[in-house]
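The sequence shown maps to residues 1 to 381 in the UniProt record's numbering.
Errors might be hidden in some of the hints.
Below are the SDA-like pairs computed for lysine to any residue, each with C-alpha atoms no more than 25 Å apart in a straight line [said to hold, decoys possible]:
| id | residue 1 | residue 2 |
| --- | --- | --- |
| 1 | K148 | G21 |
| 2 | K312 | L347 |
| 3 | K312 | S297 |
Simulated DEER-style distance windows between Cβ atoms [claimed, not checked]:
| id | residue 1 | residue 2 | range |
| --- | --- | --- | --- |
| 4 | A73 | A329 | 28 to 34 Å |
| 5 | T38 | A110 | 20 to 26 Å |
| 6 | N71 | I94 | 17 to 23 Å |
| 7 | S301 | G353 | 26 to 32 Å |
Just so you know, these hints were derived from the structure itself, not from any lab. It should be emphasised that the depicted structure is a prediction, and the values quoted were computed from it without experimental measurement. Even for Gly, the Cβ is constructed at its ideal location relative to N, Cα and C.
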Amino acid sequence: MRQYTLTASLIVLTIALVSWGQKGHKAIATIAEKHLTTNTKNIVNNYLKGETMSEASTWADEISNDSKYKNTASWHYVNLPLGLTKDQFTDYIIKQDKDNVYTAILKAEANLKDKTLSLEQKNEALKFLIHLVGDAHQPMHVSRAEDKGGNNVQVRFNGKGTNLHALWDGKLIDHEGFNYAEMAKKYDWANPDQVKKWQADSPMQWLWESYQVSTQIYDEIQPGGNIDEATYKKSIAIIHLRVAQAGVRLAGELNKLLNDQKFNPAEKVTTPISANVAPNKPINKPVATKAISIKLSDLKSSIGKNVIVTGKVYSLKDIKSMVLVNVGAAHPNQLLTLALKGKAKELANKMNGKTITIQGTVSTFKGRPEMVVNDPNLIKF
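The task is simple: from the sequences and hints, build the whole structure.
Below, the structure written as structure tokens:
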């Protein structure tokens, strides 16, 4: 695998990186998972409640229209003038009067280290960090505001008109033809020395690298210009580099934040309802937290508890990363929102109108009871 660096020639010939889209963020998270220590993996799995990092990587975009998170819109980027020196750049970011991707990363990391926060708060902080490290490595997330991150810069690609934002939101990555798992495998080329070097860099350095690229982008791209094959190849090389760096650096941050935290699986293991355990067979594993059976109407008083509850499914909504199931009544009067993720999503097509029994930990979303389920064995018909 050829290794790429941020050489001046590549920077000059590349074009705007505006957003990785779902594929890019999932690839970054998948690369990061491969570079985690064993204990960090356990802590991450606990905080994400069994959801994979790739599944969690797009959450920060998915909640963008939720009024609860309206104050996080500015967390994904930083706007600043071009032509700054590194000292000016650093000073400008630190002194901004609103949160930006830099301050949001620091805030998420502080929350992950805070021993007083709940599991739900850790879950949210981790999902933000997974996503924002990716955003910090996208050059057009560290650039000027005048053209709205390339949305107002029209170009042509593959014979069709588009804008720089849409182009980098997925068209260039899609043109390469890989899914996110293939991207992660192809892009994760860094040797141990390179990994060590990248992980020694600070979030401010990540942003400075992105700023250097975006500065050259505005010098080189002509509005209405054509993105030819040569430019595409040089641009995709930059994508390879930035995605690889984001994944490796995300792992480095998580290892620093979480590797020394204590993981007690005896307090966290959940036994599936349908677990098939041979009678009288000794099990040398931690004892699972015992689930209690409750009524749907008692969910609000059972937040944080491992419960078994039964109710009728009234409606469902597939939002790609998960399927939302309304139990007890149709939306917006449901008594429980069931969020199906991972393999559990496969149950959705046979669930509507059925009475189901679910086991899991009760959490809240927008003040309403919610249960996140990844394991289909936790649901019975």
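Okay, the hints, checked on the actual structure:
no.: 1; hint: K148 <-> G21; result: holds (17 Å)
no.: 2; hint: K312 <-> L347; result: holds (14 Å)
no.: 3; hint: K312 <-> S297; result: holds (13 Å)
no.: 4; hint: A73 <-> A329: 28 to 34 Å; result: holds (32 Å)
no.: 5; hint: T38 <-> A110: 20 to 26 Å; result: holds (25 Å)
no.: 6; hint: N71 <-> I94: 17 to 23 Å; result: holds (20 Å)
no.: 7; hint: S301 <-> G353: 26 to 32 Å; result: holds (28 Å)
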